Each structure stands twice: as structure tokens, then as C-alpha cells.
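A.B. asks: Take a look at the letters that make up each chain.
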Amino acid sequence: MNWLYDFSILTQSIHESLSGNFESGTVLLLEMILAGVAFMILFALLGLVLVYAERKVSAFFQQRLGPMRVGFWGTAQTLADVIKLLMKEPLMNKNADKFLFNLAPYIIMIAAFMAMASLPFAKGLQALDFDIGLLYISAVSSLGVVGILLAGWSSDNKYSLIGALRSGAQIISYELSVGLSLLTIVVLTGSLQLSVIVESQANGWWIFRGHIPAVIAFIIFLIASTAETNRGPFDLAEAESELTAGFHTEYSGMKFAFFFLAEFANMFIVSAIGATVFLGGWMPFHIGGWEGFNNVMDYIPPIVWFFGKVGFMIFMMMWFRWTFPRLRIDQLLTLEWKYLLPVNLMNILVMAFLVLMGWHF
Amino acid sequence: MNNEEIKQFILDHVAEAECMEGSQFLQVTIPAEKILSLASELKANPNTSFDYLFCLTAVDRPDHMEVVYHLKSTTHNHQFVLKAKINTRENPEIETVCHIWRTAELHEREAYDLFGIKFLNHPDLRRLLLTDDWEGWPMRKDYDDPINMIAY
Amino acid sequence: MGTSAIIFYTIATIMIVFSLLAVTSRKILRAAVYLLFALGGTAAVYFMVNYFFLAAVQLIVYAGGIVVLIIFSILLTSHIEEKMQKPDSWKIILTSILGLGGTTLCLYVITNHLFASQPSTGVEATMTTIGEKLLGYREGGYVLPFEVISILLLAAMIGAIVVAKRNKPEGNG
Amino acid sequence: MEEIIHDQELESKEYFINMGPQHPSTHGVLRLVLSLDGEIIRKVEPHLGYIHRSIEKMCEHDSYQQIVHLTDRMDYLSCHINNEAVCLAVEQALELEVPDRVKVIRTIIDELTRLSSHQLWWGVMGMDLGAITSFLYGFRDREMITDIFEETCGARLTMNYNIPGGLFFDIHPNFQKRTKDFIAYFKKKLPEYDTLLSNNVIFKQRMDGIGKLSKEDAISFGVTGPTGRASGFSCDVRKHHPYMAYDRVEFKEILDTKGDCFARYKCRIAEMWESMHIIEQLIDNIPEGDYKVPTKAVIKLPKGEWYQKVETARGEFGVYIISEGQRSPYRLKFRSPGFSNLSALDHMARGCKIADLVAIMSTLDLVIPDIDR
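Note that the protein sequences, when read in sequence, are chains A, B, C and D. Take the first sequence: its position 329, counted from the start at 1, is 329 in our numbering, and no numbers get skipped. Take the second sequence: its position 114, counted from the start at 1, is 114 in our numbering, and no numbers get skipped. Take the third sequence: its position 93, counted from the start at 1, is 93 in our numbering, and no numbers get skipped. Take the fourth sequence: its position 83, counted from the start at 1, is 83 in our numbering, and no numbers get skipped.
If you are wondering where the hints come from, they were derived from the structure by calculation, not from laboratory data. These figures come from a predicted structure and were not determined experimentally. All the pointers check out, no bait thrown in.
In silico BS3-like cross-links for lysine-lysine, where the CA-CA straight-line distance does not exceed 25 angstroms:
1. K83(C) with K94(A)
2. K303(D) with K85(B)
3. K215(D) with K43(B)
4. K57(D) with K118(B)
5. K303(D) with K57(D)
6. K98(A) with K84(A)
7. K303(D) with K83(B)
8. K141(B) with K300(D)
9. K158(A) with K88(A)
10. K118(B) with K34(B)
11. K7(B) with K303(D)
12. K57(D) with K85(B)
13. K27(C) with K158(A)
14. K98(A) with K158(A)
15. K258(D) with K212(D)
16. K56(A) with K189(D)
17. K188(D) with K177(D)
18. K204(D) with K338(A)
19. K85(B) with K118(B)
20. K83(B) with K57(D)
21. K43(B) with K85(B)
22. K94(A) with K27(C)
23. K86(C) with K98(A)
24. K56(A) with K84(A)
25. K158(A) with K43(D)
26. K43(B) with K212(D)
27. K158(A) with K83(C)
28. K252(D) with K187(D)
29. K266(D) with K212(D)
30. K27(C) with K98(A)
31. K43(B) with K118(B)
32. K303(D) with K141(B)
33. K212(D) with K43(D)
34. K94(A) with K86(C)
35. K239(D) with K43(B)
36. K57(D) with K141(B)
37. K27(C) with K83(C)
38. K98(A) with K88(A)
39. K187(D) with K177(D)
40. K83(C) with K98(A)
Next up, chain A with everything else stripped away, as it sits in the complex:
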């Protein structure tokens, strides 16, 4: 069971057994395929689990039970829905731009897929460990908006178009805040490499060690990343009471499911980034001096820690969604440009000052 605590043992043994049988180029290709399949499985599992979780969470917020009929406590409900969506007729407007209409969901999916590649899930379990990991993730996640814009425009529906324009303005604005709040922690770590960021938190998570600026950055990150994933209360791009369903009004069947899936995948990705940067990634929770307590914490495998933290972040985002009313577009932009961004810039300065003086823990 050692591999559960250090996945490099597992990955190394796979690499060695492959290297023994094939030449290096083929090994690379096979490993890429292996990683791709693994991510696809993760993607599908995330869809299944998160859709179910969202339904249950919303149900409990609303004092009801949620899906209960299909499977034990409704656990197979998502699966049933997938089958339903698969059997639905794919519809399209007469004037829709067919090529772009079909392309848009894939662009969103691919963007989510690419971002997932560099997430550190556990010790030694990371497909791509760039030294610019954070930059890479924010670069890739900025591609998703193209899919939304295309979907809105190519549907030939005015509601979709308004939704697409809204979401374009929203995502471009809030990307700044996400980036800056992450930078605040990068000032502390001195590296953009995700594995290094995680390792640097072995003695304590940055949200605890970074004083108040880190907490402010975390709150800003939570708000901005919720906005970036187009989730309530920032779901103006969908805004079902105003724009029926916004940019994906015209989508049905599996293409609609792709949008749906990408939303959950994006939620997972931003939560994972947040967990990695602020909450120590797969690092267990330690309290200085409490040896026994720390040993118990170490006994919990890193991957459980990681998914636990991500789950916590996702739960927070669901909590937002099922509690708050939606903002209006001008309020949304005001929030970003007049409040979050100036606060964020100041916060970075304060943090830089803290680091220069060596006042952080």
C-alpha cells in the first residue's frame, strides 16, 4: 500500500515495464495514451459524481430529498440521465452555422481537459509538471470562453448571443482577479510550479501562513473563480429566468451534456487550483508540536486529502449557487473592476511587503 502515499512508485514501475518492452518513442506515446485514458475516466467519473452531488446538495438546501428512485438513494440517477441525453434528438436552427455549432462544445471540453493535465492529484501523481504550471492553467482556461462565444453566436438565437456576450465580458474580467489572487501566493512560494507550491506547504498551508493577505486572496479567488466557471450567483450567461438558457439555449442531447459536463469539470479544476495553492494540495493538515495528531493526519493518504479539499471547495461553490440571487451584468462588472481588482492589487503589495520583511510564518 506504499504507492498510496507516493504515486511515483506506481508510475515508475509502469514506466519501467513499458521501457523494457518498447523503444523510447513508443513508450512516450503509450504513456500519453494511458494518461489520456485515465483523464477521460476521471472526467466521466467527475461528471457522474458531481451532478449527483449538486442535486443532493441543492436538495438538502431546499429541504427536500433530491433523486431517490434510481439506485440506492438515487445514485444511478446521473447514469439514467446520460442515457436519456444520448437518446435525445440533436436539434439545430435552420440558419445556425453547423460547423461552429458542433465545434463549440468540444472546444469547451478540450479546454477543461487540457487544464486538468497539470493538476497535482497526489504525491507523484501529476501528468505534466511544468515550471510554469499556474500560468499554463490560467492560459488554458482562458480558451473555454471561445467555446461559449462560438456557441452563442452560431445558434442564431438572440438569447444565446446576449448570453455569449455577457459571459465573454464576465470571464475576461474575472480572469484578472483569479490570476492576481493566485499571484499573491506565488509571491510567497517564489515558484509557479504546482508541485513546488504543494511541497512548500509541508509545514503549513499558505492560507494559515500568509496572514490576512492570504485570506483575502482566498476569498477573492473563491468569488472570481465562481464567476469564471459561470456558476450562480454569476450565471448570467445562462440566467434561465432572463435568457431562457443563455448560450446553450439551442443545444440538446449530448452536446448539451458536454456543456454541462464542462461546467462541472471547470468547477473541479478551479477548486483543485484553489486547494493546491491555498489549502496545501495533497498535504495533510499539521499543527506544529502536536506529534500524535500529525501522525494520524499523515496516515490519511494524500489523494484523500486532495479530493477532500477539492470537495470542500466545490461544496462552497454549490452553497453559493443555492443561496444567492443572481447579479445584474453591470453589478457584476462593477464588483470586479471597482472592488475586487483594486483590493487585489493592494493585497499583492501588502503580501510582497510581508515577504520582503520576512514576516510570514
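We have chain A; now place chains B, C and D onto it with these hints.
C.D. replies: This is chains B, C and D only, laid out in the frame that chain A set:
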């Protein structure tokens, strides 16, 4: 003002008004041509100031068409019923009051839609409830639609 | 041919095809999307040669920034049924001659240049070195051009705001 | 450069959007044609009649007892109050004095109806603004009232409990107890509504100063009910022309002067407290006696005309009956509150954004069958 005073006020302006003490309200019937001048006077005069038109409807009488205005003053708290009598039943026309009481705009469109009363100078007189290509004025007593109407 | 060569040629083909499509497509939004793929291909090549920073910047600036801006402006101005006019034939001929000329020139230079494998300079393009170069004010630092560019961008932004504010609608807009 | 811009007609144009007939926030089949400049609304034009059922024409062939049953298909959320309007008009024409017991029961059920309507409005309003959870909270509490109705009136939505001359049957023995239970329960739950929406920063920003309607405009447009009262138009029929037991209970007419969405919202919340207050005063004092006075099987009203107004959850509902002495009215007009309230929508929404229009519509609390009739 009590009913008597309202009656007097209207008779001062429209000599040919017929007044009748109904079971509830004072009912005043005037010729359709007089409606605009009387209505603006009723609204503008500080003694009457009928600023609240709470109901506007039309009635199809055997020989004439009637537009009924239920008026109330929110300051003086008096109310009465004003009826404008349009003698040309087949092709009724009357001045609009929707610049005096803005609620009249939709109510007049409804009356036009169902009774075919043309409200002159109405900003947007179109069918409201029925489709644009509907033939006839269904709330008139002589309207007949053998296909859609259920005979009793 | 090794695996990396296969990957490179695949990416190269994708880039060439989408570049051609981007200039020949008559639907303006499609052209923008083809451009996105071409730029994405460039980023992929950078990734292949381990220029991660450059690749990420390529994605952020070009794919995430410029293409999104282009698409955004198309969304605001054109309608879904619009097609661009077919250019005059002399324009097509002229541009293809120019394009082919450029390609031959590039190919000529590339094939005739002797790419001597240079010894490693010992400087690895890590984040730290890039950052220190970019913000360094001593010898070999680029802080001056960096700041000049930022002032240029600021000027452009103010200009954009001025242009946008020209017709301020009355009321609570 | 200028020429190019003019050649290509890059200047912004107004464009049109069909909101409805099928749209999540029109609450029915209302169709609004919006002229938009970007997201800003330049004009709202309602297109009605998608569920027009010509109820007024049908009434000209129906007996008065039958007409009562048509009215709760109009504003189905204040069905009991609509029924009552017709019954009151008929009773007034026949000069029928209903027993005290009927008066009190009718008043209690009126207020329960108003409560349930406002609860539904509150839930739907939250949903329109994107807070879906409030929808289920509103329905959870409304369920208790519909249960009371089901037990006493036999139906949950279109109750038909009123008949000319009284009530269909006496109240269920559990009625008093369950109503009291409900009041006790809802007094605890209503503050929850404030916690969830009223005190929320986003919600306040979405509502404050949006869709303003001045008092003069409210009167001119005939905007009544909580919507009109939020603009300062004192139009509560229960106060001005008391019917049934309203003259013997003590309650406040909720008035506000701001006339924006938040004022309308607060008015309705305050009305819920008042409704509970009214019920509390009456529920223990239901007098003994008959639950109806006998009427003839075929009611023929004398020649004449009657106008009866009542206060529904949406505003002033009027029944205008012209009788020629027949078994059915010569002409019957329903003055529905939603119809007049809708006429002010264009005035209120101009210059707002689409999201504001949704907020305005939900604070107007439109019920489409009430408008189309």
C-alpha cells in the same frame, strides 16, 4: 362632492346629460361627442379631480353602443359612472381618453378588440386579445360563430 | 522517423491547413476560429521544444486574448447569415504570388542555412531567469522596454475609453 | 475612417426580442416584444390573448351560480376572493344579508388565499432573480395552506367554496385548529424569508431603485394592490369599501412611497404579517349560525347594474354586472387587477436592463389568465 353636486357639475358642462341614481353609483349618460371635453374637465378640475379610472368597458345595447367609465377621485373619495352613448352602433367611433387616464390604453384596445369601437387618436389601436386576422367583434350581441361557439 | 518527428509533422500540417482555411474562408467567424487553431498549433510547437513560458504566453495573449477580442468584435458587428464578399481575382492572384514568394524565400533560407548544433549555453529558460531578465535593470535587463510597452498599452486603453465614451447615452444607461 | 463606418452601418441598431409566449419568467403565456439597445430596454410591448377564453362572453349565457365557478379560473391564486366578488355582487343585487358566520369564514379564507398567493409570489420572485431555493421554501409553506383548503373546501387550487348566499358547506371541524397551527408555524417561518432574500446584499441591489412608479402614474395607470400601495396609492378596498368582516377587524394598510421593486417586495412581506394578524383576530370568534341563506335554484337579478370590488392578492378586482332581469347577465365585465398593472410595465421598464425587467415583472406579480380572461 356628493352625487347631487357631481350631477350639477356635469349638467353645467354637458346640458344634455341624463343622470340616474343607480343602486350604487350615480350613472350619467352623455353623447359620445362630449366625452373628451368632459373627461379632461373631470380630471383637471380641482373640485372633481377624478384621477382614477378603475374600469373602462363597453356595452352593446340593441340600438346603440355604450362606453362605460367608472371614475373615482383618490383625493375626494367620490365616484360615479360615466356612460358615453354612441348612436352609430354598426360603426362606433369615440375619442380616446388614454392621455387623460393612461390605463385606458389597454382597456380601449380590449374594447376595440371585442366590440369594434374605434377610439379616435388612440396611439396604438390594434387587436389585443384576438389574432390580428380575426373577423368580427365577438362581444357584440349579434356576433355569430357557428363553428367555435357552443350553442345553449 | 521518431515519435517526436511524427508529432511535429502532424502539428505542422494542422497549422498549415488551418492557416490556409483562415485566409480562404468567407464566413468571418469561421476564419477567426481557424486562426485560433493555427495559433494553438504554434503553442503546441513551443511546448514540444520545451519553451513552456513562451507557449503559455502564446496561449494567453493570442488564443485567449486576441482571438477572443476578434470573436467578440465579430459578435457585436456582424450577423450570422453574412458572408464576406469574394475578393477580386487580381487580389487573389497577387496575394497568392506574394504568399508563395514568401514561402519560397523562407524555405530557401532554411534549407541553405547550416544549423550547427550549438553547445548548451548553460542558461536554461526557467521562470526565474525569465523573470529576472524581464525586470532586471542591470546589464542584460529589459525593464525599460517592459515599462515603455506598458505605457503604450495604457495610452491605448485610455484612447479606447475616450472613443467608447464619445456618445454617452442619456438616462440610466 | 468615418466613411467606412457609415458605409458599413456600424451604428448600433435597436433589435427586437420575443420574450415569451414560452419563457421561464413570464409565468405563463405572456408574450412581450422587447426593443433592445444592447441590454437596455427601449420599449416593452405586451401581446396578450394566448389563453383568452372569452369568459365574459360565456358569462352572458351562464347562470349566476355558474359564473362563480368561472372566476377562479382567472386569477387562480386568489380564486376564493374572485368567487366572493361575484357572490357579493349577486347578494347585493338581491339585497341578501348573509349570516355573520359566513362573513367571518369568508374573510378568513380570503386572507389565507392572500397568504398563499404571496408565498407563491415570494418563491417565484426569488427564482426569477436566480435564487432557486426560495421557490421551494415558498411552496413548502404554501403547502400547509392548500392542505387546509383541501380539507375544508375539497380542492387545493380552484376551490369554489363560495356560492351566492353563503358557502357550499360548513367548515371542517379541524379548520380552526389547523389554521391556528399554521399561523403559529408561519410566524416562525416568515422571518426566514427575510434572512434568505430581504437582507441579502445582491438582492437589495437588484431591487433598490429599479422600476420606479410614481404615485401619479400608479393612479393614472390604475395600478392597484401591493404594487400600487408601494407607490403610495392608497387603494386597499378592504379599507376604503369594507366588505364581509373587514370592518370589524383591525389592520393596517401597508403604504410605501418609494415605488420601486424593493418597496413592492416589502409591501407584500408586510401584508403577509397583516393577513396573519387579521386571521388571528377572527379565527377564535367564528359565530355560530347558518353557513348559507337559501336562494332560488335559478337566480334572476332585477334590472339594473352593480359594480362590486374586492381586494385580491394582486389588487382591485371588480365585477360589473348589467342585468336585464334574466337568469344570466346582459353584460358582465371583470376588471382584473393584472390587466391594469400590466399596462404600467412599459412605463416602468424603459431604460432598465433585461434582468431588471424580470425583477419588475415578478414584483408586479402577474397572473396571465387574470390578464387574458
